[in-house]
Amino acid sequence: MTTVRTTTPATPPPRLPVRDKAAALDRGWGGVSPMLTRLAAERATGILVRERGTLHLADGKVVHAESPAAPGADVLLAAHGTLDADVWRQALAESVASTGSAGTGARRLTGAEAVHRAGRRLVAGGLITAGALEVCRLTALYDAAYFALAPSSTPGRFRYGSEDGPHEPAVEPRDPDATPGGPRPVLVADLERETLRRRDLLHHIWPDALPDEVPLTREHRPAPPLLPARRQAVLARVDGIRTASEIARELGRPAFHTLVDVRRLVAAGVVAPRPPVSLTEPLPGPPGDGPLVEPVDPHITLLKRLRDALEAL
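Residue numbering for the sequence shown follows UniProt numbering, beginning at 1 and increasing consecutively.
None of these hints come from the bench; they were simulated from the model. The structure displayed is predicted, hence computed values, not measured ones. Beta carbons: idealized from backbone N, C-alpha and C, even for Gly. Be a bit skeptical, because a hint or two may be false.
Distance condition first, Cα-Cα at most 25 Å in a straight line; then the derived SDA-like pairs of lysine to any residue [said to hold, decoys possible]: (1) Lys304 x Arg157; (2) Lys304 x Pro185; (3) Lys304 x Ala267; (4) Lys304 x Gln232; (5) Lys304 x Ala209; (6) Lys304 x Leu202; (7) Lys61 x Thr139; (8) Lys61 x Asp200; (9) Lys61 x Glu134; (10) Lys304 x Arg218; (11) Lys304 x Val186; (12) Lys304 x Arg221; (13) Lys61 x Ser152; (14) Lys304 x His204; (15) Lys61 x Gln90; (16) Lys61 x Arg157; (17) Lys61 x Ala44; (18) Lys304 x Arg264; (19) Lys304 x Pro225; (20) Lys304 x Arg231.
Cβ pair distances, simulated, as ranges [stated by the list, open to error]: (21) Leu210 x Leu306: 17 to 27 Å; (22) Gly81 x Arg242: 22 to 32 Å; (23) Leu310 x Arg184: 47 to 57 Å; (24) Ala58 x Gly81: 29 to 39 Å; (25) Ala223 x Asp59: 55 to 65 Å; (26) Pro207 x Asp84: 39 to 49 Å; (27) Leu210 x Glu42: 29 to 39 Å; (28) His220 x Val135: 14 to 24 Å; (29) Arg43 x Arg218: 48 to 58 Å.
Required output: the full structure, derived from the provided sequences and hints.
Below is the structure:
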């Protein structure tokens, strides 16, 4: 019989790394943008440019967001009579002009700075309250950030400092700065947490994201469901040409809110993404044959018949 003698090592083996779930929840992000998380930890200032939008950071916090898919704060303010569009454009032009006349050392304003200063001018002139401006600004920020933080096929890039000049801020008149209406920064963790929540909401309504980006068409049903006025306004603008973002801009609504309505309409079977148009002409058939008919997926046809039968019960 062989006896094996073992000895206890002097130092215990290192423990395997275990992810701290509580810390991950506190951070509030689930891999939305590792670069943005790193910039927040660095307390960086500059502009993060991504495929579908940009985020403006100051001291590691988000102060402004832009995306071609989301209407800006000016559209939201002017949509329901809160502010006239011409008044906003005038305040924006005056903000840019006042900076240019402040001195030769002043750099050109970034888009975020011009928007913020225009808002402060409107509050100082009594044309809008600071609370209404802040609510509209945050709505536009979260709306644009949702699209800017969407999964992309290209890596993002970050420009430290300003868009067009050194790290020092542009020279700015004192009066607009002394008034309320300045932007309140948003924590990156809060922004990413809200982005994930919105993704989950849309996925639960309808898991396919195709209706978010392509033109929409109506689906004819024998017994269309009753829709609330908000969704009826969206449906009235579905014409096979407009996308969800274009409908949102026309209605003066946040783009994400319009996506919610669109996906609910798709789930109800009254709206569908427009099928892609073939760029190649169909091959001619034998003489005497009629026009070619596109093949129909039998599974989709069966599902539609089952849906109509259930609704007729």
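For each hint, the structure was consulted:
For a cut-off of 25 Å, the pair hint linking Lys304 to Arg157 is broken: about 45 Å separates their Cα positions. With a C-alpha separation of about 48 Å, the suggested pair Lys304 and Pro185 falls outside the 25 Å cut-off, and the hint is violated. Annotation: proposed proximity of Lys304 to Ala267 holds, straight-line Cα distance about 12 Å (limit 25 Å). For a cut-off of 25 Å, the pair hint linking Lys304 to Gln232 stands: about 22 Å separates their Cα positions.
Between Lys304 and Ala209, the direct Cα distance comes to roughly 20 Å. Compliance with the 25 Å bound is thereby established for this hinted pair. Under the criterion of a C-alpha separation no larger than 25 Å, the hint pairing Lys304 with Leu202 is consistent with the structure, at around 22 Å. Between the alpha carbons of Lys61 and Thr139 the distance comes to roughly 16 Å, so the proposed pair stays at or under 25 Å and holds. Restraint check for Lys61 and Asp200: the C-alpha separation of about 24 Å stays at or below 25 Å, so the hint holds.
Taking the CA atoms of Lys61 and Glu134, the gap is near 16 Å; set against the 25 Å cutoff, the hint holds. Straight-line distance between C-alpha atoms of Lys304 and Arg218 comes to about 14 Å, which keeps the hinted pair within the 25 Å bound. A threshold of 25 Å between alpha carbons decides the hint, and for Lys304 with Val186 the separation of about 45 Å lies outside it, so the pair is violated. Taking the CA atoms of Lys304 and Arg221, the gap is about 10 Å. The hint holds against a cut of 25 Å.
Between the alpha carbons of Lys61 and Ser152 the distance comes to roughly 22 Å, so the proposed pair stays at or under 25 Å and holds. Under the criterion of a C-alpha separation no larger than 25 Å, the hint pairing Lys304 with His204 is consistent with the structure, at around 20 Å. Note on Lys61 and Gln90: the hinted pairing is violated, with a Cα-Cα distance of about 29 Å set against a maximum of 25 Å. Under the criterion of a C-alpha separation no larger than 25 Å, the hint pairing Lys61 with Arg157 is consistent with the structure, at around 17 Å.
Restraint check: the Cα-Cα separation between Lys61 and Ala44 comes to about 8 Å, which is no more than 25 Å; the hinted pair holds. Proposed proximity of Lys304 and Arg264 is supported: the alpha carbons are some 17 Å apart, at most 25 Å. For the given pair, Lys304 sits about 15 Å from Pro225 by alpha-carbon distance, which is consistent with the 25 Å threshold. About 22 Å separates the Cα atoms of Lys304 and Arg231, which keeps this hinted pair within 25 Å; it holds.
At about 22 Å, the CB distance of Leu210 to Leu306 agrees with the hint of 17 to 27 Å. In this structure, Gly81 and Arg242 meet the distance hint of 22 to 32 Å, their C-beta atoms being roughly 23 Å apart. As the Cβ distance of Leu310 to Arg184 is approximately 49 Å, the hint placing it in 47 to 57 Å holds. A C-beta distance of roughly 32 Å is found between Ala58 and Gly81, which places it inside the suggested range of 29 to 39 Å.
At roughly 56 Å, the beta carbons of Ala223 and Asp59 sit within the given window of 55 to 65 Å. A hinted range of 39 to 49 Å holds for the C-beta pair Pro207 and Asp84, which are about 41 Å apart. Under the hint 29 to 39 Å, the C-beta atoms of Leu210 and Glu42, about 37 Å apart, fit the expected range. Range check, His220 to Val135: about 39 Å between beta-carbon atoms, so the 14 to 24 Å window is missed.
Range check, Arg43 to Arg218: Cβ separation about 50 Å, and the 48 to 58 Å hint holds.
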